[in-house]
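Engineer: Residue-level listing of the chains:
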Amino acid sequence: MKLRILFVDDEPHVLQGLQRMLRGMRDVWEIATAASGPEALDLLSRKPVDVVVTDMRMPGMDGNQLLQEIKNRYPEIVRIILSGQSDREMVLKSVRPAHQYLSKPCRDEILKSTIERSCGLRDLLADNSLKRLISRLDSLPSQPALYLEILRELESPYSSMHRIGEIISQDLGMTAKILQLVNSAFFGFRRHISSPAEAAELLGLETIKALVLSVKIFSQLDKAGMKVFAVDRIWAHSLATGVFAKTIATAEKQERTVIDDAFMAGLLHDAGKLILAANLPQQYKEALVAARNKGSSDLEEEQRAFRVTHAEVGAYLLALWGLPFPIVEAIAFHHSPSQCPHQELGILTAVHVGSALELLLHHEKDADSQLDRKYLAELEILHKLPEWQALYRQTLEEGPDHDA
Amino acid sequence: MRKNAVQTLKESEERYRLLVSNIPAIVFKGYWDWGIDFFDNKIEELTGYGKEEFNSRKLKWKDVILEEDIPNIQPIFREGLKTIRSYVREYRVKARTGKISWIQERSQIICRPDGKVDYISGVLFDITERRQAEDDLRRAHAEIEQLFASITSIMIGLTASGEVHHWNGEAEKVLGVKAGEALGKRLHKIPLQWDWAKISEAIGECRKQCQSVRVEDVRFRRQGGKDRFLGVSISPIKEESGEVSGFILLGRDITERLILEMQLAQAQKLESIGQLAAGIAHEINTPIQYVGDNTRFLRDAFGDLLQLLEKHKDLLEACKTGTVAPTLLGRVETASREADLDYLVDEIPAAISQSLEGVERVAKIVRAMKDFSHPGTVEKQAVDLNKAIESTITVTRNEWKYVAEMVTDLDPSLPLVPCRPDELNQVILNIIINAAHAIAEAVGREPAEKGTITIKTRRNGEGVEILISDTGPGIPEEIRSRIFDPFFTTKEVGKGTGQGLAISHSVIADKHGGSINFETTLGQGTTFIIRLPVETIKPENKVSN
Ligand SMILES: [Fe+2]
Ligand SMILES: [Fe+2]
Chain B
1 MKLRILFVDD EPHVLQGLQR MLRGMRDVWE IATAASGPEA LDLLSRKPVD VVVTDMRMPG
61 MDGNQLLQEI KNRYPEIVRI ILSGQSDREM VLKSVRPAHQ YLSKPCRDEI LKSTIERSCG
121 LRDLLADNSL KRLISRLDSL PSQPALYLEI LRELESPYSS MHRIGEIISQ DLGMTAKILQ
181 LVNSAFFGFR RHISSPAEAA ELLGLETIKA LVLSVKIFSQ LDKAGMKVFA VDRIWAHSLA
241 TGVFAKTIAT AEKQERTVID DAFMAGLLHD AGKLILAANL PQQYKEALVA ARNKGSSDLE
301 EEQRAFRVTH AEVGAYLLAL WGLPFPIVEA IAFHHSPSQC PHQELGILTA VHVGSALELL
361 LHHEKDADSQ LDRKYLAELE ILHKLPEWQA LYRQTLEEGP DHDA
Chain R
1 MRKNAVQTLK ESEERYRLLV SNIPAIVFKG YWDWGIDFFD NKIEELTGYG KEEFNSRKLK
61 WKDVILEEDI PNIQPIFREG LKTIRSYVRE YRVKARTGKI SWIQERSQII CRPDGKVDYI
121 SGVLFDITER RQAEDDLRRA HAEIEQLFAS ITSIMIGLTA SGEVHHWNGE AEKVLGVKAG
181 EALGKRLHKI PLQWDWAKIS EAIGECRKQC QSVRVEDVRF RRQGGKDRFL GVSISPIKEE
241 SGEVSGFILL GRDITERLIL EMQLAQAQKL ESIGQLAAGI AHEINTPIQY VGDNTRFLRD
301 AFGDLLQLLE KHKDLLEACK TGTVAPTLLG RVETASREAD LDYLVDEIPA AISQSLEGVE
361 RVAKIVRAMK DFSHPGTVEK QAVDLNKAIE STITVTRNEW KYVAEMVTDL DPSLPLVPCR
421 PDELNQVILN IIINAAHAIA EAVGREPAEK GTITIKTRRN GEGVEILISD TGPGIPEEIR
481 SRIFDPFFTT KEVGKGTGQG LAISHSVIAD KHGGSINFET TLGQGTTFII RLPVETIKPE
541 NKVSN
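In order, the protein sequence lines correspond to chains B and R.
With the first letter of the first sequence counted as 1, position 167 gets the number 167 in the numbering used here; the numbers rise by one all the way through.
With the first letter of the second sequence counted as 1, position 377 gets the number 377 in the numbering used here; the numbers rise by one all the way through.
Think of the hints as simulated: they come from the structure by calculation, not from any bench.
Ideal placement from N, C-alpha and C gives every residue a C-beta, glycine not left out.
Mixed in with the good hints there might be a few duds.
[As the list claims (entries may be wrong)] Taking lysine-lysine pairs in the DSS-like style, the calculated list, with each CA pair at most 30 angstroms apart, reads:
{"id": "1", "chain 1": "R", "residue 1": "Lys380", "chain 2": "R", "residue 2": "Lys370"}
{"id": "2", "chain 1": "R", "residue 1": "Lys511", "chain 2": "R", "residue 2": "Lys226"}
{"id": "3", "chain 1": "R", "residue 1": "Lys511", "chain 2": "B", "residue 2": "Lys93"}
{"id": "4", "chain 1": "R", "residue 1": "Lys370", "chain 2": "B", "residue 2": "Lys71"}
{"id": "5", "chain 1": "R", "residue 1": "Lys511", "chain 2": "B", "residue 2": "Lys71"}
{"id": "6", "chain 1": "B", "residue 1": "Lys285", "chain 2": "B", "residue 2": "Lys253"}
{"id": "7", "chain 1": "R", "residue 1": "Lys99", "chain 2": "R", "residue 2": "Lys116"}
{"id": "8", "chain 1": "B", "residue 1": "Lys253", "chain 2": "B", "residue 2": "Lys216"}
{"id": "9", "chain 1": "B", "residue 1": "Lys93", "chain 2": "R", "residue 2": "Lys208"}
[Unchecked claim] For each label pair, taking beta carbons as the anchor points, the in silico distance ranges come out as:
{"id": "10", "chain 1": "R", "residue 1": "Asp485", "chain 2": "B", "residue 2": "Ser214", "range": "30 to 38 angstroms"}
{"id": "11", "chain 1": "R", "residue 1": "Leu328", "chain 2": "B", "residue 2": "Arg107", "range": "34 to 42 angstroms"}
{"id": "12", "chain 1": "R", "residue 1": "Leu328", "chain 2": "B", "residue 2": "Lys374", "range": "37 to 45 angstroms"}
{"id": "13", "chain 1": "R", "residue 1": "Asp485", "chain 2": "B", "residue 2": "Pro48", "range": "37 to 45 angstroms"}
[What the hints assert, rightly or not] Just so you have them, the derived chain B footprint on chain R, three or more residues with Cβ under 8 angstroms:
{"id": "14", "segment": "344–354"}
{"id": "15", "segment": "460–471"}
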């Protein structure tokens, strides 16, 4: 099926230009246009659309209002802003309703790849209600202790950028959100981000303050009734996997960007678990209890309950948020790397092995503790596992160094 | 006969006494030993001692003279004795009451045949009042001297014909010209590089109006120095007849002040440019977006056409050989369909014309930005106000286009107006932005129904007028009197310095000699009216007097 994209702009020349420029995509994309917010809403009420790309400032209804409305009415639609506006206040307001932000003038490759990647995983999620749920999320829950700590740090008159970077890079939720903001052009960057701390630094103290304190891009998990999910363990395992993945990538003498991405992908790989626990606690709990009772795997039960596993759920959200493709791919395939189209030693390898070995280290058995031996054998790295384990233990003894 | 003689003498003495008592002075006869005789009792009015007290020698004249004055007056007597046997001297006497009076004594020394002093015949005048007046005058002079000395301004006195008769220390210091080089010369002959024409013009004006004239920004350059600026006030010195008998020029080196003012104006300009930058970026980014998209389309379309052309070439070849296979025709038709030829034929010209239009839009914005941010100059230039307004409308477009339509009614016959273009642009910008904010207040930030900003220019007598109207809510009664005050703002904290209108007022009124007012009706809108004089720009170096 063709991807249906709706462009909204009050400047007719922009719409015509986009249509002409995207003519080459006519076999795969179906393009509609609207000259205003109300016109777009009217069109959406008559015709399903997968992606909306809207201008920011338009008379009558601005892009933020339009996306907010779409988020309420049609949450499954991917929401992208394409704006020439650099008014910081408006950009801050768009952080919640928009999945991604592109700035005019925007090159055709960037526009195309942004749309493609944000929808790349849409066929992974067969369940439309789950898609709607994930598309509506604008934050991932943070660990309460870290959340309080970052509030305290930001409210202090002596806020330290270094300290803030440190806090963010320990938390899955904060890291995901910050990476969304810097990977998209919300605040005007488009470059490789080496770490959550660097992302925070790029945004700058004032922007982070505004984002956290007024826009409230971070949220803290309400832990009541969450015991069964052992959320603290999810966070701890995430951070540890990040460190482990980075250790493996370093040991394998991967490029700097791969090592960086391995850490971030490791930290984020189980984002799906957090999404399910925080948003569908009843169903997720039943699935986990069923797995325990039946002795089946968590993944099987997740698959039964949601028709996908936490891997796809997490990957879907982070793809929507525009995180770099290699990270999204590593998250999507972290249980079954052999199904990934790219069979090479890299970020995915590091995350898959890191996650599994970290659990084995704690003698925990769960979905992630299953090593894909076929994949490891094909890459001829099975024999390296003990070596990596030793290196990881050594790293832990040397103390945390996950934000370097 | 004898009785007659006695009678005659008596009558003569009587007449003499009458005469003496009538003259407004005290007649006396004095002696070598300070003894003194008086002939009437006017001495009592002066000293409080009766004439008998002197005539009986109970008191000598020396007894009432202030002791400290005696050493001063004795030599005068001796000098008189040596020479013309008369003298005039002034000294103080102390009355019985202690009151001090100034006396002028005019005396003749009468000598015996042997040359010794016989007696002194003289008169005493009470000159206390005159001395008082003299003292006051002297004090006043001293005060004026001190005042002049303490003036830290340049002070130059000119005669009616324009010659320098006064050139103070500050003038020497600031202008680097010694008083000696200036005194007695006409101003323009003084060895100094300065904007003489401006001063000359102002002196002419001052003479004509018979009142003070102020000139700002008189450029001058000291020997070997950089250009600096004087602010000069020229005041006429008026005779009682009303005629101007000269001029006083008070001046000051205002270079530092001008620099500060320029920095403040610069800061406000930067503030509004910062505010504009986001809007201008948007204005430029939008056309660049579609110029880019159209150009990419043209690139792709050309590729498609080229492929089609290949097919047509094959067809042409086939035609030449005379055997056109039906399959070839089919291939050409398919290729035409695939290339979507109809679409390309429609869209390519549109893509080209829209691209050109976009490029023109960007060019227009860039030109307007260049005009708008014209580097500041201290001196005025002849400015086409209509063009300045159009540039400012273009650079501020993003600020108003979402809330208002812009209507202009610019008088094409408007004369060039001498002003500082950057400052004037700033004023127009401030008022346009205010108008947009006012309208946004009335209709909301993203309204369905926009308001209107109307800008008019027109001649008005000797000057020109710029009228900027909005359809905002009007200015509430209670703040009308304050809107030009510095730091007065109705905008939220952090939205600008609140200096826009205050600076506008200062620019128009103080620097351009114009006026800025407004008319407002609650619920209907506000019109700002800027009036600027169109003085003819005079040729340089014209000497007026
Ligand atoms: Fe997992
Ligand atoms: Fe895991």
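Engineer: Now, for every hint given, state plainly whether the structure supports it.
Structural biologist: Evaluation of the provided hints:
The straight-line distance between the Cα atoms of Lys380/R and Lys370/R is roughly 18 angstroms, inside the 30 angstroms bound, and the hint therefore holds. Using a Cα cut-off of 30 angstroms, the hinted pair Lys511/R and Lys226/R holds, with the two alpha carbons roughly 23 angstroms apart. Distance restraint check for Lys511/R and Lys93/B: the Cα-Cα separation of roughly 42 angstroms exceeds the 30 angstroms cut-off, and the hinted pair is therefore not satisfied. About 42 angstroms separates the Cα atoms of Lys370/R and Lys71/B, which puts this hinted pair outside 30 angstroms; it is violated.
Taking the CA atoms of Lys511/R and Lys71/B, the gap is about 55 angstroms. The hint is violated against a cut of 30 angstroms. Distance check on the hinted pair: Lys285/B and Lys253/B sit about 40 angstroms apart at the alpha-carbon level, beyond 30 angstroms; violated. Proximity of Lys99/R to Lys116/R is assessed by CA-CA distance (about 35 angstroms); at most 30 angstroms being required, the pair is judged violated. Only pairs whose Cα atoms come within 30 angstroms are accepted, and Lys253/B paired with Lys216/B is rejected, the gap being roughly 39 angstroms.
With a C-alpha separation of about 64 angstroms, the suggested pair Lys93/B and Lys208/R falls outside the 30 angstroms cut-off, and the hint is violated. The supplied range of 30 to 38 angstroms is met by Asp485/R and Ser214/B, whose beta-carbon atoms lie about 32 angstroms from each other. A C-beta distance of roughly 39 angstroms is found between Leu328/R and Arg107/B, which places it inside the suggested range of 34 to 42 angstroms. Evaluation of the 37 to 45 angstroms hint for Leu328/R and Lys374/B yields a failure: the beta carbon distance comes to about 53 angstroms.
Taking 37 to 45 angstroms as the suggested C-beta distance range, the pair Asp485/R and Pro48/B does not conform, at roughly 58 angstroms. Counting residues of the segment 344–354 of chain R whose beta carbon lies closer than 8 angstroms to any beta carbon of chain B gives 4, which reaches the threshold of three, so the coverage claim holds. Closer than 8 angstroms: that is the beta-carbon criterion, and the segment 460–471 of chain R has 0 residues meeting it against chain B, so the requirement of 3 is violated.
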